[in-house]
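Undergrad: Chain by chain, the residues:
Number of protein chains: 2
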Amino acid sequence: MPVGTTGAVRALTAEDLESCGAEIILGNTYHLYLRPGTEIVKRHGGLARFNSWNKPTLTDSGGYQVFSLKDIAKVTDEGVEFRSHLDGSPHFFTPERVMEIEHAIGADIIMAFDQCVPYPASEVTASHGVRRTYDWAKRCLKRHRELGEDQRALFGIVQGSVYENLRTQSAEEIVGLEFPGNAIGGLSVGESKDEMESMLAHTIQYLPADKPRYLMGVGYPEDILMAVSHGVDMFDCVLPTRNARTGCVFTSVGPVVYRNAEFADDSQPLDPNCDCRVCRRYSRAYIRHLYNQSEITGMVLSSYHSTYFYQQLMRDIRASIEAGRFAQFRREFLARYQQRG
Amino acid sequence: MPVGTTGAVRALTAEDLESCGAEIILGNTYHLYLRPGTEIVKRHGGLARFNSWNKPTLTDSGGYQVFSLKDIAKVTDEGVEFRSHLDGSPHFFTPERVMEIEHAIGADIIMAFDQCVPYPASEVTASHGVRRTYDWAKRCLKRHRELGEDQRALFGIVQGSVYENLRTQSAEEIVGLEFPGNAIGGLSVGESKDEMESMLAHTIQYLPADKPRYLMGVGYPEDILMAVSHGVDMFDCVLPTRNARTGCVFTSVGPVVYRNAEFADDSQPLDPNCDCRVCRRYSRAYIRHLYNQSEITGMVLSSYHSTYFYQQLMRDIRASIEAGRFAQFRREFLARYQQRG
Numbered sequence: 022m023p024v025g026t027t028g029a030v031r032a033l034t035a036e037d038l039e040s041c042g043a044e045i046i047l048g049n050t051y052h053l054y055l056r057p058g059t060e061i062v063k064r065h066g067g068l069a070r071f072n073s074w075n076k077p078t079l080t081d082s083g084g085y086q087v088f089s090l091k092d093i094a095k096v097t098d099e100g101v102e103f104r105s106h107l108d109g110s111p112h113f114f115t116p117e118r119v120m121e122i123e124h125a126i127g128a129d130i131i132m133a134f135d136q137c138v139p140y141p142a143s144e145v146t147a148s149h150g151v152r153r154t155y156d157w158a159k160r161c162l163k164r165h166r167e168l169g170e171d172q173r174a175l176f177g178i179v180q181g182s183v184y185e186n187l188r189t190q191s192a193e194e195i196v197g198l199e200f201p202g203n204a205i206g207g208l209s210v211g212e213s214k215d216e217m218e219s220m221l222a223h224t225i226q227y228l229p230a231d232k233p234r235y236l237m238g239v240g241y242p243e244d245i246l247m248a249v250s251h252g253v254d255m256f257d258c259v260l261p262t263r264n265a266r267t268g269c270v271f272t273s274v275g276p277v278v279y280r281n282a283e284f285a286d287d288s289q290p291l292d293p294n295c296d297c298r299v300c301r302r303y304s305r306a307y308i309r310h311l312y313n314q315s316e317i318t319g320m321v322l323s324s325y326h327s328t329y330f331y332q333q334l335m336r337d338i339r340a341s342i343e344a345g346r347f348a349q350f351r352r353e354f355l356a357r358y359q360q361r362g
Numbered sequence: 022m023p024v025g026t027t028g029a030v031r032a033l034t035a036e037d038l039e040s041c042g043a044e045i046i047l048g049n050t051y052h053l054y055l056r057p058g059t060e061i062v063k064r065h066g067g068l069a070r071f072n073s074w075n076k077p078t079l080t081d082s083g084g085y086q087v088f089s090l091k092d093i094a095k096v097t098d099e100g101v102e103f104r105s106h107l108d109g110s111p112h113f114f115t116p117e118r119v120m121e122i123e124h125a126i127g128a129d130i131i132m133a134f135d136q137c138v139p140y141p142a143s144e145v146t147a148s149h150g151v152r153r154t155y156d157w158a159k160r161c162l163k164r165h166r167e168l169g170e171d172q173r174a175l176f177g178i179v180q181g182s183v184y185e186n187l188r189t190q191s192a193e194e195i196v197g198l199e200f201p202g203n204a205i206g207g208l209s210v211g212e213s214k215d216e217m218e219s220m221l222a223h224t225i226q227y228l229p230a231d232k233p234r235y236l237m238g239v240g241y242p243e244d245i246l247m248a249v250s251h252g253v254d255m256f257d258c259v260l261p262t263r264n265a266r267t268g269c270v271f272t273s274v275g276p277v278v279y280r281n282a283e284f285a286d287d288s289q290p291l292d293p294n295c296d297c298r299v300c301r302r303y304s305r306a307y308i309r310h311l312y313n314q315s316e317i318t319g320m321v322l323s324s325y326h327s328t329y330f331y332q333q334l335m336r337d338i339r340a341s342i343e344a345g346r347f348a349q350f351r352r353e354f355l356a357r358y359q360q361r362g
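Each protein sequence line maps, in turn, to chains A and B. Residue 244 in the working numbering sits at position 223 of the first sequence; the count goes up by one each step and never skips. Residue 306 in the working numbering sits at position 285 of the second sequence; the count goes up by one each step and never skips.
Certain hints may be false.
Since the list gives no way to pick one copy over another, a pair counts as held whenever it fits inside one copy or between any two copies.
Stated by the list, open to error - Dumping the calculated SDA-like pairs for lysine to any residue here, alpha-carbon to alpha-carbon at most 25 Å:
#1 K76 x G109
#2 K76 x P111
#3 K214 x D296
#4 K95 x G345
#5 K76 x Q359
#6 K63 x P290
#7 K76 x D215
#8 K214 x Q289
#9 K163 x S219
#10 K63 x G252
#11 K214 x Y227
#12 K232 x P290
None of these hints come from the bench; they were simulated from the model. The structure presented is a predicted model; accordingly, all values stated were derived computationally and were not measured.
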């Protein structure tokens, strides 16, 4: 899922996302709540109408953003008190309030309000996060049902930091609430790749395979392939567009730091094996030049390619799974992807 | 002509420009010379290939930019010594050198290197500018012929500030050199609208009507209509995209400062009478929200609409001229355009 934090995937239009083949985009509850404000989004028919995407949407719960505001957020069992990063105004998110906001924003999939502890966290801290996440999940579910559970799907989130016993506990608790989909949160927050894989492999065995399994905030192409091999179905990540804006695109031959001087005179497309509209038309030399000039057009072109690349990767993964050759696809993809070193 | 100073019209792709109906775009010699550098553009097949526009292009001579660097440029009869705004490196532009650069950049229409005096300028200063502009025009023409005049068209530029006698002199001198097109420079540099119109009306009578007459750096829709009424054929201006990025678009009902709070909940398109792809899909409320979030996507959408609006204005002007009803079109356009006051 391309990430459109404030209602737009950065530098891309809805038409761009359609032509990349995106089927669902993500919005951020915290940001949309602050701006343009829940009521505006609701009055314009909900997120997918407001931003004219008109296709499925998902909102995270804002929990991750609120907890990122370390110094200005105060967490209690009741909820989180925080100040807006925009104007310092005080706000209070409870699980119930977040459900009300997410229902008003109106995405098709909404995420429960969870507590994501920072990395590293002691086992005690992590266990408090697990307890609170479970408590809040139950409160979310109750309010969600009152607001009309048929209108959208509420997904639960498993926490537990890097502690197997806590991951087991959290997964069993969340799965017991019978959400229509389950997410693994609290990974890709600073732990090593090995830790991430081992926690993912451990956690996912408790999540029912007949419901969507969503790994939040991941990741690099190699991480996605790894996670798919363990059974993950859904991903979101800002990497494709964020890195594109800062001079690096993802390609079939690995990440290309197109801002580098070596591409100043390179007439090849960003990705020599890509059929996206940017790669069919523009050279690395031109897009690098636009980067050097801080031209918005350069961000548009590079963001488009990387978003297309990720969508194509997911399409290829799905096709390989259906053909019973995912392991081979992964091997071949990585052999080419990692050749640049 | 949409202006793509450094090789891209800001926030727009070549596909965007095509779908707006643009037929020619402008590049800036000074900027392209400094970055990516003349040689890079030339090796990639010239400007229209380098930026993948693949349609007609025009380069200004860089004269206007160099003279804008007041404190760091030294003008003599030989040429202009200046320092790069990027790194302070010293450069020397002569009429001959500018022709070499413009030939290398490879636009279809290239502009002579002229001296645009600031506004206000004394008659003495302005007359020196006229003399130098004529002298440099002859030197440009000579070097242009040596470099191959069949490959691209060199246009002359008339100067003379706001002095009728100097405008007459400059026009007669420049027209005498028999360029395939003639431009009016040195207007829209700070003088009043009345001064601009009276200088334009005075100057254009000396320019042959069977060759393109180009008013440089103009302007607002009402200025374009005024200039067309006097016989101008070509325009370039950064207004549509620059204003769009700062929160104001041009519409059939006048400029709309879409960043204003009054549009926070407005579900109308930017321009209620526009059939561009942005107006068919997105609301003012959404685009205003993107502006408030400094989202690049907002700049893309607003820039697209305003560029489309200007292209549509020119198409409508051409159609009305062909139908012999330009005066009526102008009246009707302005009646609607100025209703917002």
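Undergrad: Against each hint, give a clear statement of whether it holds in the structure.
TA: Right, here's what the structure says about each hint:
Taking CA atoms no more than 25 Å apart as the test, K76 paired with G109 passes in neither setting, with 34 Å inside one copy and 50 Å between copies. Taking the closest pair of Cα atoms, K76 and P111 never come within 25 Å of each other, the shortest separation being 33 Å inside a single copy and 54 Å across copies. For the homomeric pair K214 and D296, neither the shortest alpha-carbon distance inside one copy (31 Å) nor that between copies (50 Å) is at most 25 Å. In this assembly of identical chains, K95 and G345 lie within 25 Å of each other by CA distance neither inside one copy nor across copies; the values are 49 Å within and 71 Å between.
For the identical chains of this complex, K76 and Q359 are neighbours neither inside a copy (34 Å) nor across copies (38 Å), given an alpha-carbon limit of 25 Å. In the homo-oligomer, the alpha carbons of K63 and P290 lie at most 25 Å apart only across protomers (18 Å), although the nearest pairing inside one protomer, at 42 Å, exceeds that limit. Taking the shortest alpha-carbon separations for K76 and D215, neither the intra-copy value of 36 Å nor the inter-copy value of 52 Å comes in at or below 25 Å. Taking the closest pair of Cα atoms, K214 and Q289 never come within 25 Å of each other, the shortest separation being 32 Å inside a single copy and 48 Å across copies.
In the homo-oligomer, the alpha carbons of K163 and S219 never lie at most 25 Å apart, since the shortest distance is 33 Å inside one protomer and 74 Å across protomers. In this homomeric assembly, K63 and G252 never come within 25 Å of each other (Cα to Cα): the closest approach is 35 Å inside a single copy and 51 Å across copies. Proximity of K214 to Y227 under the C-alpha cut-off of 25 Å is restricted to the intra-copy arrangement: shortest distance 21 Å within a copy versus 74 Å between copies. In this assembly of identical chains, the alpha carbons of K232 and P290 never lie at most 25 Å apart, being 39 Å within a copy and 40 Å across copies at closest.
Hints 1, 2, 3, 4, 5, 7, 8, 9, 10 and 12 from the earlier list are contradicted by this structure; the remaining hints agree with it.
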